[in-house]
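Trainee: Make a model of the complete structure from these sequences and hints.
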Amino acid sequence: MKPSGLRRSERPMVWLFLFPMTAIYVLMFIFPSLRAFYISLFDWSGFTASMRYVGLGNFRELLGDDYFWSVAFVNTLKILFIGGAIIFAIAFLLSGVLSTNLRGKKIFRAITFFPTVLSPIAVAILWSFIYNDRWGLLNSTLKLLGQERLILTWMAPEHLFGSILAALVWMNTGFYCIILLAALDRIPQQTIESAYLDGAGEMQVFWRIKIPMIKDILATALTLWAINAVKEFGLLFAWAGGVDIPAAGATNLAVKMYVTAFGRRVTVYRMGYATAMGIVMFLLVALLVFLISRAFRSEVFEY
Amino acid sequence: MKRILVLLLVLSLFAALLPAALAEPVTLEYACMFTEGEPNAQWLKDIIPEFEAQTGIKVDITFVGRDVLTKIKSRVLTNDPPDLVDQDHSELFAAFLSGDETLLTDLGDFLKSENWDKDGTVADQFNMAMLEMYAKDGKVYIVPFSFITSGFFYNKNMFKEAGVEAPATWADFLAAAETFKSKGIPFIGHDGQISFYNAYYYYWAVQRVMGAGNFLRAATDATGAAWDEPGFLEAAKMVFEISKGGKDYFAKGYEGSAYPAGQSDWAMDGAAVNLNGAWLPNEVRDLVENWDWGFFPFPVVEGGQGKVTDMEAYLLGWAIPQGAKHPAEAMEFLRFATSRANADRSVDTTLNIASNKLAKFPDVHKDVGIYLANATNFHLSYDGVMSKAPQWWADVFYDLDNKLFFGTITPEDFISQIKEKTIEFYKNK
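Heads up: the protein sequence lines correspond to chains S and L, in order. Numbering-wise (my numbering), the first sequence opens with residue 1 and increments by one. Numbering-wise (my numbering), the second sequence opens with residue 1 and increments by one.
One thing to keep in mind: the hints can contain errors.
Straight-line Cα separation of at most 25 Å, DMTMM-like style, residue types lysine to aspartate or glutamate; simulated pairs [stated by the list, open to error]: (1) L/Lys-247 - S/Glu-148; (2) L/Lys-429 - S/Asp-43; (3) L/Lys-419 - S/Glu-158; (4) L/Lys-247 - S/Glu-158; (5) L/Lys-244 - S/Glu-158; (6) L/Lys-429 - S/Asp-66; (7) L/Lys-403 - S/Glu-158; (8) L/Lys-71 - S/Asp-43; (9) S/Lys-143 - L/Asp-269; (10) L/Lys-421 - S/Asp-198; (11) L/Lys-403 - L/Asp-413; (12) L/Lys-421 - S/Glu-158; (13) L/Lys-403 - S/Asp-66; (14) L/Lys-419 - S/Asp-66; (15) L/Lys-252 - S/Glu-158; (16) L/Lys-73 - S/Asp-43.
Distance ranges between label pairs, derived from CB positions [stated by the list, open to error]: (17) S/Leu-291 - L/Thr-223: 41 to 49 Å; (18) L/Ala-373 - S/Phe-37: 52 to 60 Å; (19) L/Glu-424 - S/His-159: 54 to 62 Å; (20) L/Arg-75 - S/Gly-242: 20 to 28 Å; (21) L/Thr-410 - S/Pro-212: 35 to 43 Å.
If you're looking for bench data, these hints aren't it; they were derived computationally from the structure. Think of the CB as a built atom: it goes at the ideal place given N, C-alpha and C, for glycine as much as any other residue.
Mentor: Here it is, written out as structure tokens:
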């Protein structure tokens with residue numbers, strides 16, 4: 001008998017059960033993905049049947065596209081690394097607090113998770129109210145606290161990216177906090193108590209006990225963040241009210257790809273070129289997933 | 001035998017008539033750029049039942065919203081488009097007419113046919129010079145329902161209280177701005193988060209200094225040499241002068257104002273003027289009662305090539321995609337919808353200016369009407385740059401224009417950077 005434990009006569013049944021999902025996956029995911037590579041080799045508006053083959057022309061043009069690299073790519077990296085660092089720092093802090101025997105823990109968990117369920121469009125509108133120069137919550141609060149010197153035009157070009165990043169952090173932290181919380185909750189309490197009895201401090205327990213013991217889940221959370229950060233779209237696109245191409249501070253790879261393919265009042269309509277941008281996004285995600293899996297490749301604790 | 005023959009004859013006649021009797025009425029599929037609650041959608045919902053009753057043609061309208069062309073893209077590709085689609089003429093042209101292929105139905109014969117009111121041709125209802133701006137190889141493919149232009153909308157009461165007249169020249173404009181500033185009243189209300197609103201200023205300044213066609217010429221000049229012409233710098237200086245980096249005639253925080261906060265604030269007496277499209281009164285009409293609207297075009301410049309009789313024509317219109325199943329019925333709908341009575345109803349419902357030149361003029365746009373009546377030349381919005389050089393517009397112009405408009409770069413830096421980036425942009429193609 002094979003290690004799978006399946007008899008030869010049972011194999012057709014396995015293939016039969018696997019077939020529907022495999023077919024759907026190939027048709028709905030593998031084929032479009034491969035098709036994207038093909039389309040990136042053409043100059044094509046997306047409206048006509050005729051596509052002009054340009055080979056690697058779109059990629060050559062992309063390499064020299066100053067706006068793509070200096071604005072869209074850089075903003076994506078900032079969301080990924082700066083946004084990610086803030087999100088995980090807050091998520092660890094909150095999950096640390098919420099994993100204790102705090103009263104009303106469930107309510108706090110729900111409140112923490114709440115921004116995650118909101119539509120990005122609603123979040124964009126909400127935060128643009130908060131940032132309003134004259135009657136927004138932020139400047140009004142600063143005024144109330146007598147901190148006029150801190151009052152800024154938060155959505156001015158020089159502050160726009162930072163302001164959107166704050167909203168992104170607010171929107172995403174709850175999700176990663178809940179993942180980390182679930183991981184921390186499954187660490188046996190006696191392991192932590194033993195460490196304290198052996199004289200370990202809070203930081204030692206955190207870095208040497210908790211982090212190694214949730215490494216597998218942390219890797220999953222980081223991978224999810226890497227993917228979500230690169231393809232982040234809704235909040236940035238909605239920031240300009242969805243009526244215009246977002247300003248530089250609200251442009252990342254996904255937004256740039258969308259407006260290049262479909263325009264937004266500005267009639268760019270370059271499906272082939274936008275698909276080449278999509279390939280760059282895919283390669284970036286693949287690289288990040290590879291690096292994360294390498295960095296976290298080690299023995300997994302079983303407990 | 002005779003009886004059988006008669007019976008057979010009756011049966012065959014019945015069989016011949018049965019399909020016609022059972023046939024479904026033709027259903028016209030219409031993909032619309034408006035969303036359900038918008039005034040234009042309401043106008044269509046009002047007139048469609050009447051069209052159906054009068055013609056027996058059903059209309060299946062879907063209010064898709066501004067993404068309508070994106071949404072029907074795959075259907076156009078598979079040669080299964082809706083029978084009718086609407087959008088602004090620039091977007092329709094760019095999507096369906098700009099490449100080698102022509103994806104819309106030629107409306108030349110339709111325009112020559114009798115109009116719904118039976119008092120001339122369909123073409124007689126329009127200013128054909130406007131339609132021909134969006135023609136391809138001399139053929140017209142898009143029929144408009146709404147005419148939009150851009151200019152300064154102003155609060156007549158505030159002007160009266162400040163003792164200021166609507167400015168005709170740039171010098172008058174600066175003087176008016178200074179008067180308001182001296183009284184501590186913001187002169188210009190603006191939503192700086194919308195780049196195409198910001199772009200109005202530089203585009204109009206170039207139109208007034210150099211005349212139509214020059215902005216497009218510079219935008220498509222791969223050598224960048226056009227940007228050395230002094231008119232472009234002069235226009236940049238005009239924009240910088242009123243910006244936060246110059247004399248700062250805008251309401252505070254305009255550079256970070258998210259649409260529609262700035263225009264709403266302006267409508268509620270927060271500022272005196274707002275440079276915008278003629279859709280503006282419609283967007284803010286619910287915010288105030290008895291507001292006295294006024295309009296003046298972008299002021300002319302002393303010694304400039306642009307005249308007050310040069311007018312922007314931004315049109316919203318219909319097109320029938322190639323491959324539509326019911327083009328004749330779609331044309332019938334256009335004939336009906338562009339009739340004078342229906343154009344009048346569109347004015348009543350939307351407060352927009354109807355493209356039918358015989359239709360009544362909305363009261364809120366009576367000042368626009370004066371300039372429109374005297375207009376001798378029409379040009380595309382943004383001088384056609386947004387639709388004819390869209391990627392340059394998005395990747396090169398917007399960012400630099402925003403910086404100039406918010407006063408964070410000087411006019412000289414704007415010109416040198418736009419020249420440099422234009423050369424780089426075309427070199428990379």
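Trainee: Work down the list of hints and note, for each, if the structure agrees.
Mentor: Hint-by-hint comparison with the structure:
1. A C-alpha spacing of about 23 Å is found between L/Lys-247 and S/Glu-148, which places the hinted pair at or below 25 Å, so the restraint holds.
2. With a C-alpha separation of about 12 Å, the suggested pairing of L/Lys-429 with S/Asp-43 holds against the 25 Å cut-off.
3. Between L/Lys-419 and S/Glu-158, the direct Cα distance comes to roughly 23 Å. Compliance with the 25 Å bound is thereby established for this hinted pair.
4. As the CA atoms of L/Lys-247 and S/Glu-158 are separated by approximately 20 Å, the hinted pair is consistent with the 25 Å bound.
5. Simply put, L/Lys-244 and S/Glu-158 have alpha-carbon atoms about 14 Å apart, close enough for the 25 Å limit, and the pair holds.
6. Of the pairs offered as hints, the one joining L/Lys-429 and S/Asp-66 holds, with about 12 Å between alpha carbons and a cut-off of 25 Å not exceeded.
7. For the hint linking L/Lys-403 to S/Glu-158, the alpha-carbon distance of about 10 Å falls within 25 Å, and the restraint holds.
8. Between L/Lys-71 and S/Asp-43 the alpha-carbon distance is near 21 Å, which keeps this suggested pair within the 25 Å criterion.
9. This hinted pair checks out: S/Lys-143 and L/Asp-269 have alpha carbons roughly 24 Å apart, not beyond 25 Å.
10. Taking the CA atoms of L/Lys-421 and S/Asp-198, the gap is about 64 Å. The hint is violated against a cut of 25 Å.
11. Under the criterion of a C-alpha separation no larger than 25 Å, the hint pairing L/Lys-403 with L/Asp-413 is consistent with the structure, at around 10 Å.
12. For the proposed pair L/Lys-421 and S/Glu-158, the alpha carbon gap of about 21 Å is at most 25 Å, so the pair holds.
13. For the given pair, L/Lys-403 sits about 17 Å from S/Asp-66 by alpha-carbon distance, which is consistent with the 25 Å threshold.
14. Pair hint L/Lys-419 plus S/Asp-66 holds up; C-alpha atoms about 14 Å apart against a cutoff of 25 Å.
15. Of the pairs offered as hints, the one joining L/Lys-252 and S/Glu-158 holds, with about 16 Å between alpha carbons and a cut-off of 25 Å not exceeded.
16. For the hint linking L/Lys-73 to S/Asp-43, the alpha-carbon distance of about 16 Å falls within 25 Å, and the restraint holds.
17. For S/Leu-291 and L/Thr-223, the hinted distance range of 41 to 49 Å is satisfied, since their beta carbons lie about 44 Å from each other.
18. Look at L/Ala-373 against S/Phe-37: about 57 Å separates their beta carbons, and that is inside 52 to 60 Å.
19. In this structure the supplied range 54 to 62 Å is violated for L/Glu-424 paired with S/His-159, their Cβ-Cβ distance being about 27 Å.
20. Range check, L/Arg-75 to S/Gly-242: Cβ separation about 22 Å, and the 20 to 28 Å hint holds.
21. In this structure, L/Thr-410 and S/Pro-212 break the distance hint of 35 to 43 Å, their C-beta atoms being roughly 56 Å apart.
When each numbered hint is compared with the structure, violations occur for hints 10, 19, 21.
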